[in-house]
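Trainee: Protein sequences, first through last, are from chains X and C. Count the first sequence with the working numbering and you get residues 1 to 392, in order. Count the second sequence with the working numbering and you get residues 1001 to 1162, in order.
Honestly, I wouldn't trust all of these hints.
As the list claims (entries may be wrong) - In the PhoX-like style, the derived pairs of lysine-lysine whose C-alpha atoms are separated by at most 20 Å in a straight line are:
1. Lys221/X with Lys238/X
2. Lys1146/C with Lys1127/C
3. Lys88/X with Lys1146/C
4. Lys81/X with Lys1034/C
Keep in mind the hints are simulated off the structure, nothing from the lab.
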Amino acid sequence: MAYAHTIEHAEIVHRCFRCGYCKFPSDYVDFNCPSYKAFGWDTYSPGGRMWLIRAWLNDEIKTSPHFAEILYSCVACDNCKNQCVFPKFRDFLPDIFQEAKAELVNEGRIPPKVRDYFKAIATNGNPYKLPQSERGKWAEGTGLQPYTNQEYLFYAGCVGSYDEVGQKMARSVGKLLANAGVSAGIFGSEEACDGNEVKILGEIGLFTKLAQENIEQFKAKGIKKIITLDPHALNVFKKEYPKLGGIFRVFHYTEILAGLIKEKKLALSDYPAKVTYHDSCYLARHNQIYGPPREILKAIPGIELVEMRRNALNAFCCGGGGGNFFTDILGTGEDSAGRVRVREARETRARIVAVACPSCAKMLSDAVKTEGLEDTLEVLGIAEIIERARAK
Amino acid sequence: MDSKDGGFMSVQYMKEMLLEMPQRGIADFADVPKGGGFEYSGPITILSHFPRYAAKVVELAAKYDVLYASSARLISGGHCMMFSISFAFNRNDPAMMTRVKHALDEATAFALEMGGIPWKPNFMEQKMIMEKMDPAARKLLQMIKKNLDPQGIMNPGNWEVN
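Produce the entire structure from the sequences given, and follow the hints as far as they go.
Mentor: So, in structure tokens, the structure goes:
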């Protein structure tokens, strides 16, 4: 029996004119859609996807592995939402892509890598298939204590808890929070996946379960304020949890650290370095947090902050969003997002790419190796840079 | 016009023009009927005929109950100009799309009657041009196509002389 596809915003999909502005930054210097940049076919651009989705909803094309791959190659960077020429309509572009993916989940026709991601989260509670008991190991030696009614919960997330690069970032933030006397605790082995990528990838049932369990846990422990390491977690806590009754004050760690530096609670020494800052999509475009990471870097004596050609609202994604960090559907070719981005960073002649997101840190670190730039470019979390400035 | 630059300007300047606000305005026009589409015919014609083209666009829009936009564009060194006729449609409204097609076909027929030559003609415009073409010119076109593309693999469907 034929499967009748439907999505919430089906009635407006036809309005995409496919003019193509969605795949550019504001000044048109390059293609700013990571999947279009990687593959070069219009089907991989937001407009191409819109036309494919319309044809699919009208049963003019059938679900296929290739169609699913095209949908899942979107990294949810939100560039299209900002560049589309149609006001209001453009706000729904990311929703339409996510709804189409959710429909593929309902149909059971998702790429194997996406299926494996969901399975790992559902079975292990994290995409790394590592034991829950190891989730809080990163915090050893940071001075952070288990959460017991402190002012803030510091939420590390899956990447910060299990990935080697993410753990380094989490440890740096944890040490700074503890040293500055911030009242913050962690859940450790009780922390669970925030579900941001699960939702973006379209598994709404699994996302709802994760979110509801987290909300119950947060409420049971009396959590009012959360500091996140990961902008992806910040995004889902701020935007999706309130819809399920989870209303918390959510901060990114760079906002807290910028405040501590202003209040002179973190002493900084001279650290001479030319640094460029890579905006995380979920911190910048999704949540309009552009200032705090830059304020921190500018506050460090000796640091020369230079901007990349594409920055802030027009920053090019690292390629790790939309679950691609785990599914790697964009691949590692020459025009893959991470490699393009580190080449752009190199153009600034900076020696350090500062990042505020563990996924960006991992994606760009890998890209630096692939591009053979290890001797000239280093990827560091904002807190790691602060630590270097404090070590002198 | 004084500089004789025309509609085709130097590449860098043209790139800016292509990607700046005027073109975004064109995209906006496509969304007026909230349907994501417009089709245009851009006959190259002589300047003194422009007022009649402008009147015709308004007449066709009223006749077929469609939204219109028109513009003029200099070609190359200013030796001729294009009068662009656009009709917007809603891709979810097949009846509106049919009305736009009829309006455009009638606009093309008008342009050919006036001695105009459609710019980048679509299939229907090609057909109408070839019907109006001098038989010797049509035969020449057929001969060129037959000799250079005997298997009909180059742009099949385009400029097919039957």
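Trainee: Next step is simple, just say for each hint if it's right about the structure.
Mentor: A quick look at each hint next to the structure:
1. For the hint pairing Lys221/X with Lys238/X, the CA-to-CA distance comes to about 19 Å; that is within 20 Å, so the pair holds.
2. About 18 Å separates the Cα atoms of Lys1146/C and Lys1127/C, which keeps this hinted pair within 20 Å; it holds.
3. Restraint check for Lys88/X and Lys1146/C: not satisfied, since their Cα atoms lie roughly 51 Å apart, outside the 20 Å limit.
4. Our distance criterion of 20 Å between C-alpha atoms is met by Lys81/X and Lys1034/C, whose separation comes to about 18 Å.
Violated hint for the displayed structure: number 3, the only one.
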